[in-house]
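For the sequence shown, position 281 (counting from the first letter as 1) is numbered 324 according to my numbering, and the numbering increases by one without interruption.
Possibly wrong hints are sitting among the right ones.
Unchecked claim - Cross-link-like lysine-lysine pairs, in silico, BS3-like; alpha carbons within 25 Å at most: (1) 294 to 259; (2) 294 to 208; (3) 277 to 244.
Unchecked claim - Here are the computed distance ranges between Cβ atoms for each label pair: (4) 327 to 265: 39 to 45 Å; (5) 208 to 252: 35 to 41 Å; (6) 348 to 327: 30 to 36 Å; (7) 223 to 300: 17 to 23 Å; (8) 347 to 314: 34 to 40 Å.
These are calculated hints, taken from the structure and not from any lab test.
Please read all numbers here as calculations on a predicted model, not as lab measurements.
Just so it is clear, CB atoms sit at the ideal spot from N, CA and C, and this is done for glycine as well.
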Amino acid sequence: MTNQNRFAALSLLAVILSNAHTNAFSISPHYNPTTTTTKVTTSLHVAAAVVHSSSNSDNDGTTVIMVNGMPGPMATAAAEACLRKGLSLSPIAMTGPDIPPSTITIVDPVTERSANVRLVPSTNIAEIESAVEGLRVGIGADGNVLAIDYTHPSAVNANARFYAKNNIPFVMGTTGGDREQLVKDVEEAGLPAVIAPNMGKQIVALQAGLEDLAKKFPSAFEGYELHTEESHQKTKADTSGTAKAVVDSLKGLSNNDEYTYDDIDMIRDDEESMDFGVEKEDLNGHAFHTYTLTSPDGSVEFQLKHNVSGRTVYAEGTADAVKFLSKKIREESVGKIYSMINVLEEGAME
């Protein structure tokens, strides 16, 4: 980026983001808002974050990633993974409507790369849109602003419409919402996006294998009874999207059209989660799933289990997905919707 463009980006963003001083707090993998130490930072420092981040990464400086949903732990983990993989973070991002504006410092514990990000409530759309335009001035016509979304199921469709309106390609890691409407809105906008219920490489491979089995051997488990249990941290509001996807394949194998997503046992209680096998230290971030197929006479039982503690596997996959999307934008002239299986098939998961 030329010095002239750099100055333009800093000047415009300084005007957009200036609020005299803002409270800032440091985000760690075990972020706890009750134990946070506050400090004072200036908005000009936040505006410079994308320039500073670009100059210390393997990224070419023409793509910046807006990670929406911080200071939530999944969005924060995704932001850390982006830094770890040499990507540059946008100095501004959306947060929840009830969270006051603030500036946070994201630090990747592995590489120690860091970036300051100003969080703006999703109700302040004008400020966010102005900041995006400022970013585009700074990175030039060949640059791209991409988004990662780990917000809330209730925000999925509104956020997708915001991305479409402002031409921001995105990776949707948030589950829930009206998925059919989500796909329709994105397709009508011709916007490139990665939409998937799970960002973990190994789990994506498992899902792909089950889908293939259901196509090749439909009704192989006909008559078998399906039972599904999934445990997540109690802050997860909806039924696991991964569980729904796996259930779809198992329904095909068992030819069981009566089984619905409402039949999935959703565990969101700490004591019940520990009874299910979750360690106490993992209660705030885990995904334990067990699927059981039982023969009609009860003499045969098949069980499929995948247990994940922490968020690293999803965060790493999310960063890989946004790198994949950036590559596709450079290669393709027409926007498409991709899944994590597309990312896996291309060998884009590091």
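Of the hints stated earlier, which fail here?
-> 2, 6 and 8
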